[in-house]
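Asker: Sequences listed follow chains A and B, in order. Take the first sequence: its letter number 76 is residue 76 in this note's numbering, and every next letter is one higher. Take the second sequence: its letter number 65 is residue 65 in this note's numbering, and every next letter is one higher.
Read the hints as simulated data drawn from the structure, not as lab findings. Keep in mind that the hints are not guaranteed to be accurate.
To be verified - Below, in silico cross-link-like pairs of lysine-lysine (BS3-like), each with a Cα-Cα straight-line distance of 30 Å or less:
#	chain 1	residue 1	chain 2	residue 2
1	B	Lys71	B	Lys18
2	A	Lys98	B	Lys69
3	A	Lys67	A	Lys108
4	A	Lys108	B	Lys65
5	B	Lys71	B	Lys57
6	A	Lys108	A	Lys56
7	B	Lys18	B	Lys57
8	A	Lys67	A	Lys56
9	B	Lys57	A	Lys67
10	B	Lys57	A	Lys42
11	B	Lys69	B	Lys18
12	B	Lys65	A	Lys42
13	B	Lys65	A	Lys98
14	A	Lys67	B	Lys65
15	B	Lys17	A	Lys56
16	A	Lys67	A	Lys98
17	B	Lys69	A	Lys42
18	A	Lys56	A	Lys42
19	B	Lys69	A	Lys67
20	A	Lys42	B	Lys17
21	A	Lys67	B	Lys17
22	A	Lys98	A	Lys42
23	B	Lys71	B	Lys17
Stated by the list, open to error - Residues from chain B shown here face chain A by an in silico Cβ test under 10 Å; the list is partial:
#	residue
24	Tyr31
25	Gln37
26	Glu79
Where a beta carbon is used, it is the ideal one built from N, C-alpha and C, also for glycine.
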Amino acid sequence: QKEVEQNSGPLSVPEGAIASLNCTYSDRGSQSFFWYRQYSGKSPELIMFIYSNGDKEDGRFTAQLNKASQYVSLLIRDSQPSDSATYLCAVTTSGTYKYIFGTGTRLKVLA
Amino acid sequence: EAQVTQNPRYLITVTGKKLTVTCSQNMNHEYMSWYRQDPGLGLRQIYYSMNVEVTDKGDVPEGYKVSRKEKRNFPLILESPSPNQTSLYFCASSSYPGTGGFEQYFGPGTRLTVT
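Hey, can you work out the whole structure from these sequences and the hints?
Answerer: This is the structure we're talking about:
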């Protein structure tokens, strides 16, 4: 079982819709959770991090964490074509500072 | 401008010829890390460093060496490159992780081809 799993997609949504991206992780000791966005040919850039159960909102983005079910999700409201990218989920584990990334979900926002 | 720089950006080399990819950050960050990115496998951490002279293995350290003699620099060394090390490499840095989240800033990437 992969430590951090994401559906590779592509996930296609129409412009203005809500995009929902999901990530599951296997290590119950995981402590911090991150969403990065990576445009084709570019470096990853951080969108949000979350480390407490519940929701965290930042503009059009909401991260949701459920440690009991071991999943973290990212909602993108009012999706724009410029949101088309690969979204990477990453976790770190208490006691180490290793970063574990998922393989990413490719999002396509259709104009 | 706050940034992470990597050099070279592109490198084609032959099997067995030692090479070094440099990484430097100007943000006074304690934490630095190297990743490789391969299609279908995502980003995998090679090594990371919590501070000067403190390094630790990530998930795929075999065939790589690192050193952290200065806070701003974290070079990646391939003593004897092999074709399976052909990949896109990213360096990243962040402030001390602490107990919460910490944002990593990524360099522009180095595309390495080993023939």
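Asker: If a hint holds in the structure, say so; if it doesn't, say that too.
Answerer: How the hints compare with the structure:
1. With a CA separation close to 24 Å, the supplied pair B:Lys71 and B:Lys18 stays within the 30 Å bound.
2. Distance restraint check for A:Lys98 and B:Lys69: the Cα-Cα separation of roughly 20 Å lies within the 30 Å cut-off, and the hinted pair is therefore satisfied.
3. Straight-line distance between C-alpha atoms of A:Lys67 and A:Lys108 comes to about 28 Å, which keeps the hinted pair within the 30 Å bound.
4. With a C-alpha separation of about 38 Å, the suggested pair A:Lys108 and B:Lys65 falls outside the 30 Å cut-off, and the hint is violated.
5. Note on B:Lys71 and B:Lys57: the hinted pairing holds, with a Cα-Cα distance of about 18 Å set against a maximum of 30 Å.
6. Between A:Lys108 and A:Lys56 the CA atoms are separated by roughly 23 Å; this keeps the pair inside 30 Å, and the hint holds.
7. The hinted pair formed by B:Lys18 and B:Lys57 meets the criterion: a straight-line CA distance of about 20 Å does not exceed 30 Å.
8. A threshold of 30 Å between alpha carbons decides the hint, and for A:Lys67 with A:Lys56 the separation of about 14 Å falls inside it, so the pair holds.
9. At most 30 Å may separate the alpha-carbon atoms for a hinted pair to count; B:Lys57 and A:Lys67 meet this at roughly 26 Å.
10. Straight-line distance between C-alpha atoms of B:Lys57 and A:Lys42 comes to about 25 Å, which keeps the hinted pair within the 30 Å bound.
11. A C-alpha spacing of about 20 Å is found between B:Lys69 and B:Lys18, which places the hinted pair at or below 30 Å, so the restraint holds.
12. The hinted pair formed by B:Lys65 and A:Lys42 meets the criterion: a straight-line CA distance of about 25 Å does not exceed 30 Å.
13. Our distance criterion of 30 Å between C-alpha atoms is met by B:Lys65 and A:Lys98, whose separation comes to about 17 Å.
14. For the hint pairing A:Lys67 with B:Lys65, the CA-to-CA distance comes to about 35 Å; that exceeds 30 Å, so the pair is violated.
15. Using a Cα cut-off of 30 Å, the hinted pair B:Lys17 and A:Lys56 is violated, with the two alpha carbons roughly 48 Å apart.
16. For the hint linking A:Lys67 to A:Lys98, the alpha-carbon distance of about 19 Å falls within 30 Å, and the restraint holds.
17. Between the alpha carbons of B:Lys69 and A:Lys42 the distance comes to roughly 28 Å, so the proposed pair stays at or under 30 Å and holds.
18. Annotation: proposed proximity of A:Lys56 to A:Lys42 holds, straight-line Cα distance about 26 Å (limit 30 Å).
19. For the suggested pair B:Lys69 and A:Lys67, the alpha carbons sit about 38 Å apart, so the restraint of at most 30 Å is broken.
20. Among the hinted pairs, A:Lys42 with B:Lys17 is consistent with the structure: their alpha-carbon atoms are about 28 Å apart, no more than 30 Å.
21. Under the criterion of a C-alpha separation no larger than 30 Å, the hint pairing A:Lys67 with B:Lys17 is inconsistent with the structure, at around 46 Å.
22. Restraint check for A:Lys98 and A:Lys42: satisfied, since their Cα atoms lie roughly 22 Å apart, inside the 30 Å limit.
23. Our distance criterion of 30 Å between C-alpha atoms is met by B:Lys71 and B:Lys17, whose separation comes to about 27 Å.
24. The beta carbon of B:Tyr31 comes within 7 Å of a beta carbon in chain A, closer than 10 Å, and the hint placing it at the interface holds.
25. The interface hint given for B:Gln37 is met, as the beta carbon of that residue sits about 9 Å from the closest beta carbon of chain A, less than 10 Å.
26. Below 10 Å, beta-carbon pairs count as interface contacts, and B:Glu79 has none with chain A, the closest being about 23 Å; its hint is therefore violated.
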